[in-house]
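**Student:** On the provided structure of chain P, position chain H as indicated by the hints.
These protein sequence lines map, in sequence, to chains P and H. Counted from 1, the first sequence has number 45 at position 45 by this note's numbering; the numbering is strictly sequential. Here this note's numbering = 1-based position in the second sequence + 1000.
Just so you know, these hints were derived from the structure itself, not from any lab. Be a bit skeptical, because a hint or two may be false.
[Stated by the list, open to error] To list a few chain H residues with every Cβ distance to chain P over 10 Å, as calculated:
#	residue
1	Asn1036
2	Asp1176
3	Arg1245
4	Leu1764
[To be verified] List time: in silico DSBU-like cross-link candidates among lysine-lysine, alpha-carbon distance up to 35 Å:
#	chain 1	residue 1	chain 2	residue 2
5	P	Lys143	H	Lys1521
6	P	Lys146	H	Lys1656
7	P	Lys143	H	Lys1777
8	P	Lys17	H	Lys1125
9	H	Lys1434	P	Lys126
10	H	Lys1521	H	Lys1560
11	H	Lys1402	H	Lys1177
12	P	Lys143	P	Lys10
13	P	Lys13	H	Lys1063
14	H	Lys1521	H	Lys1627
15	H	Lys1435	P	Lys146
16	P	Lys13	H	Lys1067
17	P	Lys146	H	Lys1723
18	H	Lys1627	H	Lys1564
19	H	Lys1786	P	Lys126
20	P	Lys126	H	Lys1435
21	H	Lys1058	P	Lys17
22	P	Lys143	H	Lys1435
23	H	Lys1668	H	Lys1627
24	P	Lys146	H	Lys1668
25	H	Lys1088	H	Lys1303
26	H	Lys1445	P	Lys143
27	P	Lys126	H	Lys1723
28	H	Lys1571	H	Lys1627
29	P	Lys17	H	Lys1063
30	P	Lys111	H	Lys1656
31	H	Lys1723	P	Lys111
32	P	Lys143	H	Lys1434
33	P	Lys146	H	Lys1434
34	H	Lys1134	P	Lys17
35	P	Lys17	H	Lys1274
36	H	Lys1723	P	Lys143
[To be verified] Reference listing, derived: stretches of chain P covered by chain H, where coverage requires no fewer than 3 residues with Cβ under 8 Å from a Cβ of chain H:
#	stretch
37	29-35
38	40-49
39	69-83
40	87-101
Nothing here was measured: the structure is a model prediction, and the numbers come from that model. Yeah, the Cβ is synthetic: ideal placement off N, Cα and C, and Gly gets one too.
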Amino acid sequence: MEISLTINGKEVKADIKANTLLSTFIREHLNLTGTHIGCDTSQCGACAIHLNGDAVKSCAVLAAQADGAVITTIEGIANGDELHPMQQAFHENHGLQCGYCTPGMVMSSIKLVENNPNISEEEIRKGLEGNICRCTGYHNIVKSIKQAATVMGG
Amino acid sequence: MPDGGSTGIGASVKRKEDYRFLVGEGNYTDDINRPNQTYTYMLRSSSAHAKFSLDTTKASTAKGVVKIFVGTDMEVGSIPCGWQVDSKDGTPMREPAHPPIAKDKVRYVGEIIAVVIAETLEDAKNASELIDVKYDDIPVIIDMQDALDNSKGLVHDEIESNVCYDWEIGDSEAVDKAISEAAHITTLDIRNNRLIPNAMETRSAIGDYEHSTGQYTLYTTSQNPHVIRLLMGAFVLGLPEHKLRVIAPDVGGGFGSKIFHYAEESIVTWASNKIRRPVKWTSDRSEAFISDAHGRDHVTSVKLALDKDGKFLALKVDTLANMGAYLSTFASSVPTYLYATLLAGTYTTPAIHCNVKSIFTNTVPVDAYRGAGRPEATYLIERIVDKAAREMGISQVEIRRKNFIPVDAFPYQTPVALQYDSGNYNATLDAALKKADYEGFASRKAESAKRGMLRGIGFSTYLEACGIAPSAVVGSLGARAGLFECAEVRVHPTGSVTVFTGSHSHGQGHETTFAQLVSEKLGISTDMVEISHGDTNNIPFGMGTYGSRSLAVGGEAIVKAMDKVIAKAKKIAAHIMEASADDIELNNGNFEIAGTDKSMSLADISLAAYVPHNYPHEELEPGLDEKAFYDPLNFTYPGGCHICEVEINPNTGEVKVEGMTAVDDVGKVINPMIVEGQIHGGLAQGIGQALLENAAYDSNGQLLSGSYMDYTMPRADNFVDFKVGNEVTLCTHNSLGVKGCGEVGAIGSPPAVINAVVDALSELGVDDISMPATSEKVWNAINQAKNNK
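With the rest of the complex left out, here is chain H:
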């Protein structure tokens, strides 16, 4: 579907990928079937903590069963964690073994205990019911405070504690001194609620081993197929890269949950060799609730010291972070380097200290979910700033302006390791105030009051660090991988272009945005550009899509590859037109000899490169196909202001979002339509966290919110029309000036929503409410406040 007009940077080009999705021809993993394929059902533990034994005799002979595997059949490596975090005493984190199939002990409801492979899925499910499982239950650790007390039990008895690491950052002494001398101290206890990512496509994996060549192919729902190849191949199954192909075709949303290497991927790949047939697994939604990594789940106490004028002096943070039963791929980095390093926010707080204990519990592993650590940091900062303002009688806007890092202070070194390159927090605040009609709030509140309703407004002037990440920096902090990106730009003989990118689109619109980069730089329409991703056999290498890194890192790699294409094309043009390469200029897709009317198009040059009859063979190889790796120099730092307005019915406790405004600085915008779409989606997830979503466990470790009947997924009528705008300061360390937009909505919005709820309830004396602020919770808070009066 070609759309006329400019297709370069800054144009809202309609998405190239839409057509196949709109006509039902997307190609998701579960849509793929391999010849002679078998189906597998994962039998999962129904106990949260138990020694177990199972008898598969009866099930093995059931109709259609091909093979049943148990833990002791699969002697392979442990599922690895990708980031080593050391405790403050220098000891490395405790890293328990994580077998793909549990052998004799289970540690959460949902852990795989047997793999039933059959001719049909129905056969596999029926047979699984014939497996006799005996559980010998062990006391369950769900609450993180309980987990700190060894006498209550250990999730892993081979490691003498439930604490994975006890880590800190910042200057504890300076913080304590500032607190002891401060004019005002505000304190707050926070739970950042546990969430379930719930990409609409559930996970799926097909292992396909070809005996004649020894080649394995894994089709999987992944945000980063090369990372899966590395983690699964090198650490779990011991397969070298040249014998292992990982394909992540169209992927139906990820939000972080499809970054990680999951047991099922190793199982189907391994099993397809054992049974010499392809093995397919697709998760049910109920299964997804107890097997996809969960997100957030922090318990934090925070203390903010202020001088008499409301200037921040110090921030002290103590956090317990839930890891679940095993360490998922990025789990250890989320509550440390992606969290505590953000605690300066947009403010000049001179002293910050944060201590984090990460805790094993008998729950599903917890890992990155949209924002990953940064929403948790933002929530506590923006909540305590809000509370401090109320206590000191300073306006919400004023206290923020007073403490913003000023525009002329960039690059700004925070006391928690990061150096921000650019930003203008007053600009995003001003624009948001206008867009949200802040001036009209008082009259809207009065109008609500006439109807007996409570109205509140809440702010969040947040910052986040994304575009992860400089490999040397993260390496020094324990990352076991580099975080660069790779791209190959292939100009074909007739001048069309295919870009092979290590980024992976699962809704972000890369096929359009990346094509716009090519359109801008090489002067051809996006219709002449194809973006290829998701197949380790096609793409030279890739670290994938997460941490809002695709454009800032992946896009920059494409630019670097195009620079090489252009440099070579200039030399070819110079040879053919008998000029010096230094005199060739690229204008609107034409390679011109400066100051003359002589020029060649990209297509002319590429044809010459592939039909090299008149060609500088002494100097250049034929062809026009260049590859680049790009390792960023710093994180990128989007920031902005989110303003939420709510109306609360005091009789029912129902919170209605009446306005949601977001003015974000995500750096240079390539496609405004796509950026706005990313922000809308992030806001919805942020509002969802604040008002609706909660993963709740009972004390036996059963997930209470284990289906869409129980876990409140946001629906269309939970929202109003979002008001979205942007202000731009350019990233100073990448050539595009881009920062990243994928997570800002989910990072900035939850405290804005809760601050609005608290604002509405403040006249009753309510000064905090925990997420999600459900009707029940709000109703109880209102009634408790009334009773207290």
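In isolation and in its complexed conformation, chain P is listed as follows:
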């Protein structure tokens, strides 16, 4: 089937099989490999993207369902060479180690803060329920999000 959508500001048309997951479409068809696959039960959040303004796990959506959608992936978050405040905060606070969960963490965290500009530490920890990190113990991820929240206008 044919779908068309906007991804990172670009119009994309593609002929896909109806059972193609959005995460597979993004990684295998569009070669946007920043979106990662960390599980097969929609638990880990490494594949989180923005779909029509919401953070969603792209492994839990069919590409067909994204027909007509506006999508942003980790590759489309920075403004040219200028990192998004969330990316910058992760860098400054050592919020990443192996980097594998990072794209999903950043994408989820941006929406956490946008939806709750004065977010508390407890709300951040609860809000990360759907994103698993094995490296950082979340300590510096929480710090990063706190800092980004102040920069993003909380």
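**Tutor:** Frame of chain P, contents of chain H only:
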């Protein structure tokens, strides 16, 4: 992203590697695709123990199928174990054959029985469903006690027992004598729960054979590509090093699980020759649960003898260690040389004996996972010390201070082979007590009690041995490899530097920390330094990253190579400036003639080395590019104090971590930010083991906790803000004074957490609880204790 300011040793330089990860341009194995690539799906056994046969006729002609291989198609060497451990009677360990694809018998759920290669992954998966497998089930051995009884069955009938080896260390007679004479004996039975490493990137491998040159390339998720080249090339496939290139690009966490040579690596490499096309395999998470090596899984009984004042006299330990169905790469060394040699801990216990039987069961192979043997040792020591203190009415702090190895006793020879070089255990304990506000605990406990909650505090004053390892020592103990490291430091013509290191970063931040070593030593900014790792064609040699060895061994190799660079640069500078090399001093990146204002920068010298017009050709070769191997003189010995504070809801059994303090001595700190990050991650895995994680098998050998729906991965709201600090005693046998920080968090913390849980429940009469201390387990313990009263 250059960050201003100093970039030398001791600076929290922001990581050079972050940018590519933050913008989604990391390059992990599954991100790589080769032209004309095929995809493979590994069909795995659904039975834990069976003779089997399979019919691939229908599957072979399914849509998109390129080829299906079964065990008898792949006549290659056995997947090797890297460490021979001999039993106490002198017989070598039992080492069953381990074919990459099972031939006619399977021994755990997850073992590969067929390899389906197709044009797409979907085609391969669909075809695999058409393979007709017939299992003729054999009784399953899951429990290690059952495994000791031959009448219950054998995991490998060609070796007459399920015991891999029966090994011991220490003076049994001295221990028994001390126990018979002691004023007090404390005993404890412990299970160190089985864990699944769960690096967020699942394993992946691409084999790519180039017929025209006979070259094989393997892209793989590995912590040590050279080790994979050696194990796979020399032992399994019979490929010489010059025809085999192994690339481990960005790797998304390892924690030990990506050290080992796995069947899939051999399969894709071998198959890419057979079908003359690249073959790609990427593990699903469900597949990872039943194919990545698991960790821990010890059953231990321990006895501590004390004099009337609480001084430790002897420690006696008996352990059953689960190996799973086959011996993974380092499996045999983990419950022996990485475990029992640690049983002195931070204490002066004069007599120690440990017996270890390692056991085959019908489960996934067990091998090193963050800490590897040392968490198991630390757990039993710190638990029995805690229990002894309670029984004897001595405070948790006092009993530890009473038994610490004193500062003036270093170097300290333990009764279990190791010689510690340095440490100050009172210093880390004092700092941790302060940081954790130990003085305020009583009032916090009272406040919790007002709300009907139980509060407890627990300690762990641990030690570990890392920076593995002196090759001659480990060789004498059965290691089949050296454990040195290699580095090459290449100063380019215009003065920038590339370091080629055999260490492999999979989250540790080597690109930054190693660049800081260069910045410090050669006086250039880290922006002028690139760290290259992970490709056997670029890196001269390497033993890789595990056992907290990257800085203490890999970093030291870089220092040695830089020493050679500096020595040569001084000679070049001396020639050009017409001075004696002995008079040249290196200050802040300038090679100066002592006592004059004449100097040359590193860039001036390197340009002269590569454009050698005015050059001492009789004495020196052109170029400025030096290589060094470094073999450590001893293990390194980080230690410290972890204090955990928990609050337990007696109505639900829920344990909430209220405070986690870690003051560690990891030796000289190069980048405090990165060290703290390593400790945070280790603490999370340690708390995870203590409260949440457990790999559970049913009696049929089915893994019950086989997905993130069932295996409790720690989430952000399981933790509080960690309080982390450090105290420094320098390692005395490497020039940097570094010890290693990668595993201390996971080694030290589990007993601190459980000791805190037991402390909270002690008023009810509970004196032990097994890991993980889940709400259900705690709730049951509370209710049982109430019923007993």
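**Student:** Hey, lysine 126 (chain P) versus lysine 1723 (chain H), does the alpha-carbon distance stay inside 35 Å?
**Tutor:** Distance ~20 Å between lysine 126 (chain P) and lysine 1723 (chain H) Cα, so the pair holds.
**Student:** Compare the distance between the alpha carbons of lysine 143 (chain P) and lysine 1777 (chain H) with 35 Å, and conclude whether the hinted pair is satisfied.
**Tutor:** Answer holds: lysine 143 (chain P) to lysine 1777 (chain H) is near 33 Å, not above 35 Å.
**Student:** Take a quick look at whether lysine 1521 (chain H) and lysine 1560 (chain H) sit within 35 Å of each other, Cα to Cα.
**Tutor:** holds, 11 Å
**Student:** Compare the distance between the alpha carbons of lysine 126 (chain P) and lysine 1435 (chain H) with 35 Å, and conclude whether the hinted pair is satisfied.
**Tutor:** At roughly 26 Å apart (the allowed maximum being 35 Å), lysine 1435 (chain H) and lysine 126 (chain P) satisfy the hint.
**Student:** Are lysine 13 (chain P) and lysine 1067 (chain H) close enough, with their CA atoms no more than 35 Å apart?
**Tutor:** holds, 33 Å
**Student:** Assess, step by step, whether the Cα of lysine 111 (chain P) is no farther than 35 Å from the Cα of lysine 1656 (chain H), and give holds or violated.
**Tutor:** Answer holds: lysine 111 (chain P) to lysine 1656 (chain H) is near 28 Å, not above 35 Å.
**Student:** Would you check the hint for lysine 1521 (chain H) and lysine 1627 (chain H), treating anything up to 35 Å between C-alpha atoms as holding?
**Tutor:** holds, 16 Å
**Student:** Quickly compare the C-alpha distance for lysine 146 (chain P) and lysine 1656 (chain H) to 35 Å and report which way the hint goes.
**Tutor:** Answer holds: lysine 146 (chain P) to lysine 1656 (chain H) is near 22 Å, not above 35 Å.
**Student:** Just to be careful, I want the Cα atoms of lysine 1435 (chain H) and lysine 146 (chain P) compared with a cutoff of 35 Å; is the pair within it?
**Tutor:** Holds, at roughly 23 Å.
**Student:** So if I understand the rule, the pair passes when the alpha-carbon distance is 35 Å or less; does lysine 143 (chain P) with lysine 1434 (chain H) pass?
**Tutor:** holds, 23 Å
**Student:** When you look at the beta carbon of leucine 1764 (chain H), is every beta carbon of chain P farther off than 10 Å?
**Tutor:** Non-interface label on leucine 1764 (chain H) holds, nearest chain P Cβ at 29 Å vs cutoff 10 Å.
**Student:** Are there three or more residues in the stretch 40-49 of chain P whose C-beta lies closer than 8 Å to some C-beta of chain H?
**Tutor:** Contact hint for the stretch 40-49 of chain P vs chain H: holds, 5 residues under 8 Å.
Consistency note: the structure conflicts with none of the earlier hints.
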